[in-house]
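**Q** So the chains spell out like this:
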Amino acid sequence: MAEQPRKDVVIVGYGAGSGPASVELARAGYSVVALERGPHWTAQRDFTPSQLDTLRWVTRDGMIPDFDRMPMTFRENQDEEAVPTAYLMSTLVGGATVHWSGQSWRFFEDDFRMKSTVEELYGQERLRYLEEDGASIADWPISYDEVEPYYERVETHVGIGGWPGNIQGRIRPVRADEGNPFEAPRENDYPFRPLRENATTLTYRYGALELGLHPFHVPTAILTRPYLSPYGISRPPCTYCTFCTGHGCWNASKSDTRVSLLPAAVATGNFELRPGCHVTRINHQNGRVESVEYVDTNTGEVHTQPGEIFLLGAYTFQNVRLLLHSGIDANGKVGQHFMTRSSPSANAIFNDRYLNGFNGPAVQRQGIDDFNGEVAHERKLELPDDEFFIRGAFMGSPSQRNPLETYDQVPPGVPTWGREYKRYLSENLNRYIGLQLLTEPLPYEHSRIDLDPNYSDQYGVPAARVTRRIGQNERRMGRFIFDRAVEILRAAGASQIWGSGEVEATPSMTHDTGGLRMGEDPGDSVTNRYCQMWDVPNLFIGGGAVFPTMAGKNPTQTIWMLSYWLADAIVQGRVDVDDAESFS
Amino acid sequence: MSTHDDTRHDGSEWSRRTFLKRSAGALALLAVQGAFRFDALAQEQQRGYQFFNRSEGELLEALAGRIWPGDAQDPGAIEAGAVHYIDRALAGPYASYQRSYRVILHGLNEQLRQRFGVSVRELDDDQLDLLVGELEDQDEEDDELGLLPGRELELGLGPDSTFQMIRQHVMEGVFSDPIYGGNRNFVGWRAVNYPGAHYVYTAEEQQVFEPLTKPYQSVADL
Ligand SMILES: Cc1cc2nc3c(=O)[nH]c(=O)nc-3n(C[C@H](O)[C@H](O)[C@H](O)COP(=O)(O)OP(=O)(O)OC[C@H]3O[C@@H](n4cnc5c(N)ncnc54)[C@H](O)[C@@H]3O)c2cc1C
Ligand code: SF4
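One line per chain: the protein sequences are A and B, in this order. Residue numbering for the first sequence follows this note's numbering, beginning at 64 and increasing consecutively. Residue numbering for the second sequence follows this note's numbering, beginning at 3 and increasing consecutively.
Certain hints may be false.
Listed next, the in silico SDA-like pairs over lysine to any residue satisfying Cα-Cα at most 20 Å (straight line) [stated by the list, open to error]:
#1 Lys216/B to Glu508/A
#2 Lys216/B to Leu467/A
#3 Lys216/B to Arg192/B
#4 Lys178/A to Gly586/A
#5 Lys216/B to His509/A
#6 Lys216/B to Pro112/A
#7 Lys178/A to Glu508/A
#8 Lys216/B to Glu206/B
#9 Lys216/B to Thr302/A
#10 Lys178/A to Glu437/A
#11 Lys178/A to Asp208/A
#12 Lys216/B to Thr204/B
#13 Lys178/A to His509/A
#14 Lys178/A to Tyr417/A
#15 Lys178/A to Leu190/A
#16 Lys216/B to Ser489/A
#17 Lys178/A to Arg191/A
#18 Lys216/B to Arg416/A
#19 Lys178/A to His440/A
#20 Lys178/A to Pro585/A
Hints were generated in silico from the structure; no laboratory data involved. Computed from a predicted structure; not experimentally measured.
Start from the sequences and build out the full structure, keeping to the hints where you can.
**A** Structure follows, in structure tokens:
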């Protein structure tokens, strides 16, 4: 076993959770190494033009080759035996941000104080059913106001565009009909505008306006003009090629850790990226991580990498697995309060128009937050007890409806093969809208990740075992949101609408968060407010595992934000890497 | 979810029942075809197939032609070369499905021959539809055939049964980029008016509510 030269900072996994910190720490003069198990792909060499191919990248999951190699198991109840399951786990430099969609936003203010908010709005009595279900809702140990500048830094430095909905309390300050009026107040405008409209987004927008809702074009981590970031990285705007979600961008227009952050880290001269290096264990002693052990998959050699500060950014499941496998779980809380989304589905056909939904990246999308968070709390107060729920969902209208991705989208009653099927698809494929309904999942006491006793990977690390079932809140929300979706589609002029408000428990759906909850109490959480592990204070967590609660929104801007946040805490000495309980 | 409509074929319920009766248990027998002899495979490389022998290729082509039907005017899976696509996939990235296809196609061919004394070439469209319908029904009832390789089945990904596997692969052969051997002359994309691989869509192209006219293009054309 070869020991590598010591580094100030050792990063495990190079995706969203580690990107910002890698730049900021290297810029502050720390020597930083990132161990990433996947390869380093580049736009020019690896994606042009091969990326414009749905079969290779989406159908055959060209970017996510890890189904077999990283086993995961799933069960709904803890007395069942878990069975192997599938999950979308990225394996490349930049992590899942390389093949993500790029719908990117800040959480609401009340997402950070979810428990207090719903208690104030609804009172204990109305929330009794949550207790019965074992829901473990909580407040975050940080507030929106504290992290607002970090959210802004993600927008300017990584590259995220949108219409502002709320600048310093002024609602829709730039254009009266654009921007999300329910977004948390921002200090400043976005650095550029979001993607333009297409037939799909215009249709959805019309339906939402008809109902008096507040549609907006979703903020996107996709450039719409040539952009020079404050790091001095310039990239060209999106050409609307449409091979976007599931693909790497051929044009480097889609912002991700690899194109927006990696070059800035490299430019410092303090940063070393080691692709193909798979970390298998965290070595620790007396409450300090000493080194990590990894296999260089290029050579098969095993190495140890010692360091002073460690950042674990290997995605929720691998983060939890690595900690448990390495025996880091002093208070028994590692793996608890895991959350993932189970969403209803709503689809429609518009007989009177073509939408050509294939022609645009998936996040060319209008959406509404009218039923997200507690925006609709007055209406929810009116609901009968057995329909009442807390929180809500973003509801939007994705594009990127290529035939290979949509040929299964036929309403009940239409056969899935034969003449009738072909006639149906020929007439309707380009008249199709399928909504994205981002329902917020709750954390539960019984929802967790631990190590599977039966399955392990090629390095002998046990599989992550997910135990999760959904509660009444998810079911009621699913039905309510589905009904609202139907109303919008109808108002937009849909000829036929189908789908379901019934949701099922899933082990994973790319927004897998919780498991390493941040909190104020070392006895009851895994990290402090700076994502620093209570029991091994020189170990920090990058990624959504630290979220105490989720949101009806995608997680990644918040993951990036927290990475900046924890890096600043280290650089500015707000944390003590020998003692997680003393910080300012 | 079944969306297959029993009564839409000529001869409807009656011929369907007859076929089912005649073939009672026939398809279920597939489950015990495990002792299949690979060495007995015809070595013919019809149509430049890298994997299928002639009778396998014919049978699969017949099924594909009913899943996404067509003719010279309105080309379907056969005209798209969907079986050619599957053949090439099996000879490469989908190698884990090889055995499934061997066993399923061989078994079906044997059943047709032994019980009905016919080869697939002698079946008309209606009879083929019944055969496909039977495969589909069998999926829904019970997929204990155990014919699929572990990967997708265990992980709950992709096709999880015989019919779904064949259907999915046929549709891939219709809608994937022609570089994979299917979708010849873009006939799959033409059927749904999908122009394929383009770097650019303009605002004008995006903001119409009419069918888009853009040249059909493969990633190989870029
Ligand atoms: C198809 C798709 C679309 C998405 N769209 C959106 C969207 O529109 N908006 C949004 O906000 N989010 C989206 N997401 C989710 C988003 O990509 C994730 O939230 C985010 O990437 C998670 O960041 P992370 O750092 O935790 O993990 P990742 O970005 O996945 O990075 C983890 C990295 O760690 C590496 N790694 C894992 N284990 C090891 C090990 N043992 N040793 C070394 N390296 C290791 C992995 O290879 C990987 O590169 C999408 C995800 C997918 C898959
Ligand atoms: S749609 Fe735009 S951002 Fe997405 S891959 Fe194509 S060029 Fe890149």
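**Q** Are any of the numbered hints broken by this structure? If so, which, sorted upward?
**A** 1, 5 and 14
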